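Engineer: Listed below, chain by chain, are the residues.
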Amino acid sequence: MFKRVINDAIADVVFDFEGAKITARSGESVAAALLADDLLSFRQTPVKDLARGPFCMMGVCFDCLMVIDGQPNRQACQVVATSGMKVARQHGAAELNIDQADPA
Amino acid sequence: MSTSYDAIVVGGGLLGSAVGYGLARQGLRCTILDEGDVAYRAARGNFGLVWVQSKGIGKPIYADWTMGSAERYPEFSTELLDRTGIDTSYSAPGGIHICLNDEEYEDRVEKMSTLTSHQNGRFKHEMLDRKAMLERLPALGPEVVGGSYSPHDGHVSPLYLMRSMQRAFVDLGGEIKNDNRVLDIQKSGDGFSVRTANENFSTARIVLAAGLGNKALAPMVGLEQPVRPVKGQIIVTERQAPFLDMPTTHARQTGEGTIMIGDSHEDIGFDIRSTPQVMQTIANRARRSFPVLSKAKIVRTWGALRVMTPDGLPIYDQSETMPGAFTAACHSGVTLAATHAMVYAKYVADGQLGRELEGLSVRRFDV
Amino acid sequence: MSIDIIIIGAGPAGMSAAITATESGAKVLLLDDQPTPGGQIYRAIEAAGDKQATILGPEYMAGKPLAQNMRSTNIEYVADASVWQVTDEREVGYSSNGQARLVTAPAIILATGAMERPFPIKGWTLPGVMMAGAAQTMLKTSGLAAEGAIFAGCGPLLYLVAHQYLQAGVKIAAIVDTTAKANRLKALPHIPGALRRWDLLSKGQKWQSEIRKSGTRIINNVRALKVLGDTKAEGLSVNAGGTWQNIPSDHIFLHQGVVPNVNLSFAASLDHDWDEQQLCWRPKTDQWCGTSIDGVYVAGDGGGIGGGLAARASGEIAALGSLAKLGLIDTAARDSKAKTARTTLRRELSIRPFLDTWFRPSDDFRVPTDDDAIICRCEELSLKDIRDTIEIGLVGPNQLKSFCRAGMGPCQGRFCGLTVQELIAKQTNRPAADVGYYRLRPPIKPLRLEELANLQIEEDENIKF
Chain D
45 MFKRVINDAI
55 ADVVFDFEGA
65 KITARSGESV
75 AAALLADDLL
85 SFRQTPVKDL
95 ARGPFCMMGV
105 CFDCLMVIDG
115 QPNRQACQVV
125 ATSGMKVARQ
135 HGAAELNIDQ
145 ADPA
Chain G
180 MSTSYDAIVV
190 GGGLLGSAVG
200 YGLARQGLRC
210 TILDEGDVAY
220 RAARGNFGLV
230 WVQSKGIGKP
240 IYADWTMGSA
250 ERYPEFSTEL
260 LDRTGIDTSY
270 SAPGGIHICL
280 NDEEYEDRVE
290 KMSTLTSHQN
300 GRFKHEMLDR
310 KAMLERLPAL
320 GPEVVGGSYS
330 PHDGHVSPLY
340 LMRSMQRAFV
350 DLGGEIKNDN
360 RVLDIQKSGD
370 GFSVRTANEN
380 FSTARIVLAA
390 GLGNKALAPM
400 VGLEQPVRPV
410 KGQIIVTERQ
420 APFLDMPTTH
430 ARQTGEGTIM
440 IGDSHEDIGF
450 DIRSTPQVMQ
460 TIANRARRSF
470 PVLSKAKIVR
480 TWGALRVMTP
490 DGLPIYDQSE
500 TMPGAFTAAC
510 HSGVTLAATH
520 AMVYAKYVAD
530 GQLGRELEGL
540 SVRRFDV
Chain F
653 MSIDIIIIGA
663 GPAGMSAAIT
673 ATESGAKVLL
683 LDDQPTPGGQ
693 IYRAIEAAGD
703 KQATILGPEY
713 MAGKPLAQNM
723 RSTNIEYVAD
733 ASVWQVTDER
743 EVGYSSNGQA
753 RLVTAPAIIL
763 ATGAMERPFP
773 IKGWTLPGVM
783 MAGAAQTMLK
793 TSGLAAEGAI
803 FAGCGPLLYL
813 VAHQYLQAGV
823 KIAAIVDTTA
833 KANRLKALPH
843 IPGALRRWDL
853 LSKGQKWQSE
863 IRKSGTRIIN
873 NVRALKVLGD
883 TKAEGLSVNA
893 GGTWQNIPSD
903 HIFLHQGVVP
913 NVNLSFAASL
923 DHDWDEQQLC
933 WRPKTDQWCG
943 TSIDGVYVAG
953 DGGGIGGGLA
963 ARASGEIAAL
973 GSLAKLGLID
983 TAARDSKAKT
993 ARTTLRRELS
1003 IRPFLDTWFR
1013 PSDDFRVPTD
1023 DDAIICRCEE
1033 LSLKDIRDTI
1043 EIGLVGPNQL
1053 KSFCRAGMGP
1063 CQGRFCGLTV
1073 QELIAKQTNR
1083 PAADVGYYRL
1093 RPPIKPLRLE
1103 ELANLQIEED
1113 ENIKF
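Protein chains in written order, with the numbering used here: chain D, 45 to 148; chain G, 180 to 546; chain F, 653 to 1117.
Bound conformation, chain D alone (with noise of 0.2 angstroms):
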């Protein structure tokens, strides 16, 4: 599993993950907070329902897709992490009727 050689960061971001307390770095992103949470599966596939988690780590591959603040099918690797955020598994297709919330 992943673990941090280095320390240097203040770890004061905390957010929600499917009902679970996540620790964050300032400024990293989601991806990175849960990869080290020892996370690696973050959806499941649209079309073959298989298990996906990041890949490139910088937005190309599109397979760490999440549900993050209410918003489906957002790259968990370029977004940074905030406290209270709501994070969960992206489950096949995106969902348009979940999306209550608006962010800005």
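Source of the hints: derived by calculation from the structure; they are not laboratory data.
Don't take every hint at face value.
What the hints assert, rightly or not - For lysine to aspartate or glutamate, the following EDC-like pairs were computed, each having C-alpha atoms within a straight-line distance of at most 20 angstroms:
#: 1; chain 1: F; residue 1: Lys1036; chain 2: G; residue 2: Asp350
#: 2; chain 1: D; residue 1: Lys92; chain 2: F; residue 2: Glu1032
#: 3; chain 1: F; residue 1: Lys884; chain 2: D; residue 2: Asp81
#: 4; chain 1: F; residue 1: Lys716; chain 2: D; residue 2: Asp52
#: 5; chain 1: D; residue 1: Lys130; chain 2: D; residue 2: Asp113
This structure is a prediction, so every number in the text was calculated from the model and none was measured.
Starting from the known structure of chain D, fit chains G and F onto it as the hints suggest.
Structural biologist: Relative to the frame of chain D, chains G and F by itself:
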């Protein structure tokens, strides 16, 4: 030396593939000559509606021809599935045209009654008020005042339709020859000799189904083909969980879950770029119709060129000076695919177009 | 305020282009999709301290003064900006903070950098399998490393990251090297050209020998790979010299070189050439990085792989080319200012023929042979699916795309385009260059419909940041 065929279809788009499949289905030894990978392909920009309620308003001949194809679609798509195992995602839950204000609604009432008057009750539709619309499509937005519903309408994946027709064609012994842009067609004995950039062919019958390319090809067989490009732009979203039970004129959810949104008409020649300004207009209308689409993510936009005739109706002709040569042009390659394969191809095989197509000859433009 | 130059990408090329342009008085808008400047090579550089310097080395730390310099000049820098379209009328569509905008400028410099080449082996989609560049990104941004991982593939970056892992005191289960033995002989004639950056080669040698000394297992002459596991990676099955062996691990990092990230340049309909040496597409450019569209420039690895220093040099050259075109400097000033950058660029590119030949990924790793290896990750299409589709008799990737949806998912072909192209070439027995590439469409990154509907089209004088 040249390879010899019973029939050559020039153009491997939706029209050419349907005709090619129809001819192979008649037992003809047939080839489809097509261009390369980046030809201007109307087929790739198709929206995928099998649509009756907007076609042939004021033109009964076209309304009949369209209705005939829609009626053949269930049999046609089942036949393709049986032959190829490819599911074209065809379904006909009926279709809806959305009106965003009273003016659009009144206009629609008039159009639907015109269409009804053409077909002696064969065309069925209902005008729906806002409440009735919401019963069918709960995701509609507050601006929607009403619309029209017709049970004849449906949709299909234009890409899988094309793939299945080509697969069935190849399985029946047909050959698809890419990178074979036709340069010359000559009368030769009882048939024709055809020269492309790469090869020579001879054939008893030839069908020109090359879309906008027909304009240059038709004179080679003594016909005219006054077609011009009209650009249509389309937006497609990521896959979404099902939310739209039936197709509408401007938005439909595909079998894969993506949402296709169109449509625009720009009369600007050969140009298939997607322009941000037009896309914005399309997105706006979609959002007014279905506010829930606001958060859907667009993955692709594109423009493709429609094949437009002077009056918007298809053109079908057979050459008088060079019997055995046919031309066909239309912008409804999806809706008319069933009839092209099951009816029109028979006419070509018989060497004689059906009488119902007389009114769709290019001669209608001679005044 | 009207903008003179829009620069897309704040990596080495974009940052140095922005600095050079601003120094000569140009108003520059610098758009970048990451939260902080640096691109991939200098990712998270602003937060790097002593610990990062020890683990990631001086080449990484060299980005710090560049980023500081960029910050200190008067550049309109927009982070977290997703550019989704560039038109041939030099309009740039981008989104930031949920608002889409369309801005125009007389010059645009694309500095979109590189991405890793697809590595389509069986099981490469399983959770736990990542690119080696991703492993490095996690080190840079979060100080994260995976204990007991496997590094598999070929190319300098593979050994660089492995070496950085060792510097961080992290154990590696194995390095599985897929470099073909035959490449060495082919690379020999390129040695004289490479001598100007011999320091790089000896550095590579030093990494390798340190890795060997650490006792890390290295497997050479690898012909085939399969990732083991059903729902997540459990190990790597390796065929070296004809025999298969299984190495267990939860983390597998793949790498076989980098290629220009060309989605934006293709979607902008720039002309591209197939580069047979680097096995990738690159936009056609002139000596000032100008492209087939007047006023559009391409700098850095997005125009062909040259590395970080070459990217900085070409960024300067593109900026000077734009400045002269805009009349902000004369051609004499342009030419003299570009001298140092040109010398650097020549020196940096001198080693490419050697590196590209030595580390050329083998045919079987570019086009897989396992029927069930996934080719298109988004639409979940296997080699068999794609091969069956080609069999109908199609000529190119665009017909293929329309027949089976390969390349139609959110990644827009980034991880299947090259594979599909080479697969069609192989199956139809034609050169890859003739097969061509996907015709790419905007938006090159998914865009919410409401963003497009609310698109703010900026007139020249009204740009607000």
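Engineer: All hints, please: hold or fail.
Structural biologist: We went through each hint and held it up to the structure:
1. For the proposed pair F:Lys1036 and G:Asp350, the alpha carbon gap of about 19 angstroms is at most 20 angstroms, so the pair holds.
2. Between the alpha carbons of D:Lys92 and F:Glu1032 the distance comes to roughly 7 angstroms, so the proposed pair stays at or under 20 angstroms and holds.
3. Simply put, F:Lys884 and D:Asp81 have alpha-carbon atoms about 16 angstroms apart, close enough for the 20 angstroms limit, and the pair holds.
4. A distance of roughly 17 angstroms separates the Cα atoms of F:Lys716 and D:Asp52; the hinted pair therefore holds under the 20 angstroms criterion.
5. Between the alpha carbons of D:Lys130 and D:Asp113 the distance comes to roughly 5 angstroms, so the proposed pair stays at or under 20 angstroms and holds.
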